[in-house]
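> In the working numbering, the protein residues as written are 4 to 301.
Mixed in with the good hints there might be a few duds.
Here are the simulated lysine to any residue pairs, SDA-like style, with alpha carbons at most 25 Å apart [what the hints assert, rightly or not]:
1. K158 / K226
2. K153 / L181
3. K146 / M159
4. K172 / D144
5. K153 / K252
Cβ-Cβ distance ranges computed for the label pairs, FRET-style [to be verified]:
6. A260 / S164: 34 to 40 Å
7. N161 / K234: 26 to 32 Å
8. R232 / L181: 35 to 41 Å
9. K234 / R68: 50 to 56 Å
10. A125 / K146: 53 to 59 Å
11. V165 / T107: 37 to 43 Å
12. H223 / I202: 30 to 36 Å
13. K77 / G104: 29 to 35 Å
If you are wondering where the hints come from, they were derived from the structure by calculation, not from laboratory data.
Idealized CB from N, CA, C, for every residue including glycine.
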Amino acid sequence: MLFRSFAGAAALLKAAPIARASTSRLGRVARTLPVRPSPLTLQQRYSSHVTIDHLAPPRPKKQRRRIGRGVGSKRGGHTVGRGHNGAKARGTGNPYRGFEGGQTPLYRRLPKRGFKNPFRKAFRPLNIETIQQWIAQGRFDPKETLTINKAVSTKMVNWLSVNSHTGIKLTGRVNRDLPLPPLTIHLSRFTESAAKAIIKAGGTVLSVYHNRLALWQELHPDKFEGARRVKVAGPTRRKDIEFYTNPAKHGYLSDPAVKDAFFRERGWNPDIKRSRFGGIRNTSQVESEEEGAKQPAA
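All chains, please: the whole structure from these sequences, using the hints.
Okay, structure coming up:
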């Protein structure tokens, strides 16, 4: 029903007092009810439903039937319910993954692409910007030496696996809005820009070699306490030795004294030089030959 004016609607309300009274009563009841019951009201309401007779044992779990453990297991004896012969009586009873009923499977029909480098080294990246943020938040003390253990324990690198990674590599993304104090960083590798940024700020960088055992000891030092601590092994491959003895790569073996001790420990005498065409000659002999070659002929 539509009203043409407000006066007509008011007249209709005056003519229907019962409807007006019921509406007002509903309004008063609605105002007295709480909008949200208090925790005490809920506790009083449902406390009577939690009684001792409501406690029940845990959900029953059907016991697994063991196969081939005697006649008492109902799957014991000779064939243990698999029959005498056939493919399903042997092994797991299922074909290998990729089996297509005897025809050439898909993984053998498709050609091989690329190769997997067994000598590949994977490093977890760490930006200088992350170190700056950690210092600004008070999560890392710039006076401490940043190592792999420190980077992982402070969550600068949130994940590092011995099976998948060789170490941590510092990259050179710097945040200009945050300060960069002098730092001492001992990690696996450094990009050229990262090393320049740290050295420019007055810090030092050092590339340190870790094999699997040394990396595991670096990540979990609590498992190698006391007599269990192992000596960190040096590099054995030629490329690794050339890298960590190179001063341009900031290797920890680039110092002449450390480099000499490293080679002597492995039985290599730096006083003996090998000729280009084979054979071993003494250093004094080589130097005398070089001096004789430099002198002009009379």
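> Each hint should be assessed against the structure and marked as holding or not.
Checked hints:
1. K158 / K226: 20 Å, holds
2. K153 / L181: 21 Å, holds
3. K146 / M159: 16 Å, holds
4. K172 / D144: 20 Å, holds
5. K153 / K252: Since the Cα atoms of K153 and K252 sit roughly 22 Å apart, the hinted pair holds (cutoff 25 Å).
6. A260 / S164: 34 to 40 Å: Between A260 and S164, where Cβ atoms are some 35 Å apart, the hint holds.
7. N161 / K234: 26 to 32 Å: 29 Å, holds
8. R232 / L181: 35 to 41 Å: With Cβ atoms ~37 Å apart, the hint holds.
9. K234 / R68: 50 to 56 Å: 52 Å, holds
10. A125 / K146: 53 to 59 Å: 31 Å, violated
11. V165 / T107: 37 to 43 Å: About 38 Å separates the Cβ atoms of V165 and T107, which means 37 to 43 Å holds.
12. H223 / I202: 30 to 36 Å: 31 Å, holds
13. K77 / G104: 29 to 35 Å: Holds: the Cβ-Cβ distance is about 33 Å, inside 29 to 35 Å.
Hint compliance for this structure: hint 10 is the single one not met.
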